[in-house]
Each structure stands twice: as C-alpha cells, then as structure tokens.
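*Asks:* Chain by chain, the residues:
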Amino acid sequence: MKSHYRLLPDATLVITIFLLLLIPLLKSPYATTWFMTLFLYITLAQSWNLMAGFAGQFSLGHSAFVGIGGAASALLLLYLGTAPYTSVLVGGVTALALAAAVSVPFFQLKGPYFAFSTLGLAEILKVILSAQSELGGTGGISLPLRIDANLSYYVQMILALVTTVTVYKIAGSKFGVGLIAIREDEDVAEALGIPVLKFKIMAFMLSCFLAGLAGSIFSLSLSYYNVISFFDLSWSLRTVLMVMIGGLGTVGGPIIGAIILVFLYNWLLVLPYWNLVIMGVILIVVAVIAPKGVIGELLKIPILRSAMRKIEKKI
Amino acid sequence: MSILEVKNVTVRFGGVIALDNCSVDVEEHTIVGVIGPNGAGKSTLLNVVNGLLKPNKGDVYFKGKRITGLSPHKIFHIGISRTFQPNRVFREMTVLDNMLVPVAASAHEEMSALAKKSLSMLKFLEIDRLIHEHAMNLSGGQKMLLEFGRGLMSDPELVLMDEPFCGIHPELKQRMVEHIIMARKRGKTFVVVSHDIPCIMETCDRLVVMSLGRVIADGPSDEVQNDKRVIEAYLGI
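Chains A and B supply the protein sequences, listed in that same order.
The opening residue of the first sequence carries number 1 in the working numbering; numbering runs sequentially from there.
The opening residue of the second sequence carries number 1001 in the working numbering; numbering runs sequentially from there.
The following block holds chain B by itself, in its conformation from the complex:
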C-alpha cells in the first residue's frame, strides 16, 4: 500500500522548471532512494512533500489524503518528518533541547518524560554522552545523527532525509545506514535523497532516479543502477 503519492507535480522558480510533471509512489515500510545529478529536483521534491514549497501543478497524497498546500507544521503532525541538507540543527540549543523541538507543540507528556525519551533515542544513536552539549560544538557526523534522531522523536510514519551521508566519516556512514535499516524494521518508511551511491545501494529497497526535474528510472536498486538512462544522466555518456 502506498503511504506517499506525488502526482504530476510541477514546480517553477521563475524560468527554471525544478520539477516537471513528476510522479513518485512510496510503499509503506520501504526505504526509497532518490538519486540524480545536481539540479535534478531531489531536494525540491522533499520540500514539496513536507510543505515548504507549494507546487504550481499536481498533488501530494499521504495515506490517501491530499496534503498539497498544507503548512509544514500540519504535515509534520500527520506523520511526515524530515532532515535537511546541509544539516540544520539548532546550533545555540543543547542536544537535548534539539530533541525536544519536534514534540514541543504536540506531546502531552511532561518535560521530564520527554527528556527520558530523548535520552533513549540518543542512546540508540550512541551520542547520549553529548546530551547537554550545545549543538554547534558537535562534529558534522554527530550533527547528522542528531538531526536523524530529532526526526524520529515524534514517531513519524514517513521520514524524508536529504543527503544523510554527506561529508561524514565512513564509519559514521555505516552507522547511519544501520540506523535507517533498524528504524525501518520498527515500522518507519524512508525517502532518502543522496549522491552516495554505495550507501544508497546498501540502504534502499527501491531507487528513483531524477534528471532535470523528471523521474527517468524507478525500480529495484540493482536493476536501476544498470539502466542505460541512469548511466547517461550521471556520466553524460
């Protein structure tokens, strides 16, 4: 069953067409990778899904319900969370306070219960020792993990991740891959935008390849990577 349906979406920035009649389906409990060269429209696609951008044409459905045009905080509360590229942790806030933001407007629990929940999430990500550190003092990889954990705090059904493997140590990349796969096993669905083909291949069940705002290939990861159009779009041959 599709949890997310993007139907014939077009987004224009002045004369630039960022998404051109783009359609993507995401099945529940899967990890879908979105790859493509720079300017392909990958991040724009995520921005349309989470409401930061309103499409000029087309619609987005979440669990069969139309969510086009809803504000980002409403989309978040129906179960779609996201991370950003480059990472956008709240630099002047502590790791704990960063973790509390997604539950600040919704959860009915007391702050102490939410702090415990944050701590257990940070333990899962193995960065619990940094709980009282200001986010600005974290390394790039730690910030990525924090953003990932923050995205899971509200227990979303769908997580949109923008370049989660970008600029981090190979060991941390591996941890991130494992965390995503583990979270999927706990019932989450992921859409992961990345340029890191080895990580994407290891993580994702399905690949969507974009170029110039269009989907040029969509299918199981191993099939898509040998697709002629994909090789052409990436390598220009």
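Here chain A stands alone, though its shape is the one from the complex:
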C-alpha cells in the first residue's frame, strides 16, 4: 500500500537530496551551519512526531534524550577514547535504554500526566548530571576531537534522512496504523487487538533513540558538551513548536516546521531573553488558528487535496 502521508513526489525528493549534497562545496560556513541546524531540527521533530503525532503520546521531555545521548558520547570520547561515531551510536543506545527504563511506569500515566513525567525526567537528570565533574559541571566540557565540518554535515543529513524515511515507512505500515488507532482511541484499539502498551513503548524507544543520536552528533559537531544547555527545556519546546507549526502526525509537517523554526530562531537570536516568550506565543497562535499546522492549511486548497487523494488511491 502506498502511504498517503507522502508529500513530495520521488523526482523532487531525489533533486532535493542532490542539491543538499552540494551545500558543503559552496565553502560557506554560514550555509553549512544553517543546514546542519536544519537537519538536527528535522531529526528532533520527526522523532518527537513519531511518538506524539502518530501514537498521541505528548512528551515534554525530549531534551532528556538529547542530553543523555550527548552525555554518553562525551564521556566515551573523553575517558575511553572511543571512535567518534561509535560513541554516537552508544549515545543513541543510552537514550533508548533510558526510554526503556522509564517507559513502563510513565505509560501508566495518560495525557498531561505523561507529559509532565517526561518533563520531570529531563529536569531531574539535568540537576543530577550538572553536579558531575566528569561532565564539566554547569560550565560544560570541551571534547578532545573536532571532526571535519563537512563530514559532520553529511552525517547529520543522513540522520535527518534516515529518521524521515523511518517515519514515512512506519506511517504506511501496520505498526503505523496501530499507532494512529492508539492516538484516536486507546480502548477501542486495545479491544481490536492492538497491544497498546507494547506499541507505545516501541514508538517511545525508537523516538528517544533518534533523539539520543541527534544529541550525540550535535555535541560531536560542537566539540563541546554542557549539561545545562543540552538538557534545556527549550529543546523540547522547539521540537513541539516545529511539529505543531508544520502539522502533527504527518511526514512533511515536521520538515516544514523545522525550516520555519530555523529561520525564526536565527532572527530571534537578537532577542535572547524574549525568544522563548515569542515561541510560546507562536505556539498558542498556531494551536488556535491552524491546529493542523501548515500541512493542514495546505490541504484546504482543492488542487493539493485532490493530489493527495490520487496518492491515497494507489493501493
């Protein structure tokens, strides 16, 4: 079955990827950094979207998994001299293990209680880890090795692409159908044979694994790790904002949201004390005016809606 969540025709996708491959050749540090931020945001938005947009489990603690992934890979690099990309993988696995450890008790909670439990996890870990001298305390720590910017660019691009393809594949799979059913009505999904807890845990673990990888790669590309900034609530808020702006529960939405946020965030950097306030206001405005995000608004245009229908009918 063709997924009806696909937004870009195949040819456009190939051309886009090809053009993105050329960006480092421009030798513009600004362009490279801009796109690296975009890839990081896409990874975070897609991974959170899998859990919140598809399975309906709103977490406010995505920063916990970004932070723990970064911490694990920083420790490996600093004290064991592990190869950079092995440490990234371990960072992802650490985030996955943390998700597995908290998932059963957290999923006893629903709705806002689940959201606040994840928020609490991020804050608790931030307090505990910021007291650890091995991670540089509150001042952060420099990592011994700075990897090539171009290589870092391609790795982040691949991660964003793999995350997007993963979410796209899940959206058109039986697992995806199960997740959406859980989002829609948990009791009915369970009564129709969906192992709700198992599916939620699987989505949560995958989502956190990807967030952990993103955190690890980010710390590696900065050659720096700081508990306070990696566990900062703004990571979670930015992630929620991107998905809400773009369109929750779609594959294209988080990409659109990430592009908008990278522009927005660059502009908001001139207002360091106001950027969280402005993002909060934008979130409220989007929730009120366009609850289905940019994608939802685009689908109100008849020609785009009929194009989507054509894709849907290719079964």
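The set of hints was computed from the structure by calculation and includes no laboratory data.
Beta carbons are placed, not taken as given, at the ideal position from N, Cα and C, and that holds for glycine.
Every clue listed holds true.
Among the chain A residues that face chain B by a calculated CB cut under 10 Å, a handful are: (1) S173; (2) F175; (3) G176; (4) I180; (5) A181; (6) R183; (7) E184; (8) D185; (9) V188; (10) E190; (11) L192; (12) G193; (13) P195; (14) L197; (15) G249.
For each label pair, taking beta carbons as the anchor points, the in silico distance ranges come out as: (16) V165(A) x D1128(B): 29 to 39 Å; (17) I1181(B) x L233(A): 58 to 68 Å; (18) H1108(B) x R305(A): 32 to 42 Å; (19) Y113(A) x D1155(B): 29 to 39 Å; (20) Y113(A) x I1017(B): 28 to 38 Å.
Only some residues are given here: those of chain A computed to face chain B with a beta carbon under 8 Å: (21) K174; (22) V177; (23) G178; (24) D187; (25) A189; (26) A191; (27) I194.
Guided by the hints, dock chain B onto chain A, whose structure is given.
*Replies:* Relative to the frame of chain A, chain B by itself:
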C-alpha cells in the same frame, strides 16, 4: 456446544452492582440477543467478556478455556471481536485504515493484500465507495456498518455487538439485520445487545433478558417476549 460461558459474574462500581451473579451461555453459530432496560448491565456484560472490565467475582470461558482477566487485545486474538455503543470508529482515519486496525498486530499478509480484503468486506457491506473517506465524514448508519465490517476483519468466531441498530434509518437497520444473519451463515456467533425489539426478534435465535444486573429470562425469542417477568421489567406493570 457452548462457545461462550459467563459463570456467576459480579461487577461492582462503588456501591452500584452492575452485574449480580450473572450467568449466560452462548451456543456456537447462534445469534443471542441481550435486552433489558437501561442500567440492566448489558454493556457491562460485553465489557467483561472482551476484557475491558475485570469482574469482582465469577469467570468467563471461551471454547472451554478460562479468559477472565486477560487483556482485551489477547481476548481479541483468541477470536472475540466487538462493536461499541455509541459507535467508536477512528474518526481521523480513513475507512480503509479503520478496517486495517484489527489486522495490524496479527496478520502476516502484506498491506496490499489486507487492503484488498478490506475492500471486499466493504463491498459486502455496500460502503466500498467510501474507502478513502475519513470516518468522521460518514453518516451514523455508515459508521455502524464500518464498525461491523471492522469487527469481522480478523475473522473472529464470536462478535459482540452493542446497540447495532441504534439511531439508524429503517432501511439501514434492515441491511444490518441481513448482514448479521449472513455472517452467522458463514460460521460466526453473535451476542447482540439492543433496545430495538423488532430487529432483535428478527435477528436472534435466543433472547437473554437482564434487569438490575441479573438474567431474568433466557430462551427462544418468541417464548421470552411473552414472559411475564420480561413484560414487568420493561413496562413496569
């Protein structure tokens, strides 16, 4: 042979006794109607059978195997499906995706094969033209048919239906009656909870009448409807 046995089940919600030492047997390949006034415990009975509620006392057996306390998804996979009242289709999902949910966690077939199976079920129910429509856009009757078809997708042995004739056009009601009878001929067993006495009489082989959490009458439909206790429970005379 009994496919379903509910034995001495009691369910309490605080001080309210929803099921009071209730026992019901369902024979294979039959359609059993469950009727009774509001608060009689009909929906609670279905919730206990499919695992949404755990009884305070008593047991449920399916094909001789005790299923009390199993989670709803496990009960579904051993062959018990159900519909809800009011209908609970997945509103934001298309008709096709709704049909795929019951097979999402079990079937080994590819999505394309499952989509074809869904289409043939929707054709049987005469709502195949709506396959790509979002369920929220369907009429009440169409939602009922969708829920019915969704309940049959996993090829269950026993289907529990909660008020399948509620609030739908007489013509659609008739279609629903015919579909249930046809599915029984294909080897399914049904337990149908309803207030719609004419439809229940037309559909069911046997009637179980409940009042205040107890079974007050049980037998062939035509006999039960003339039972004094039943008339009393329904009409209060």
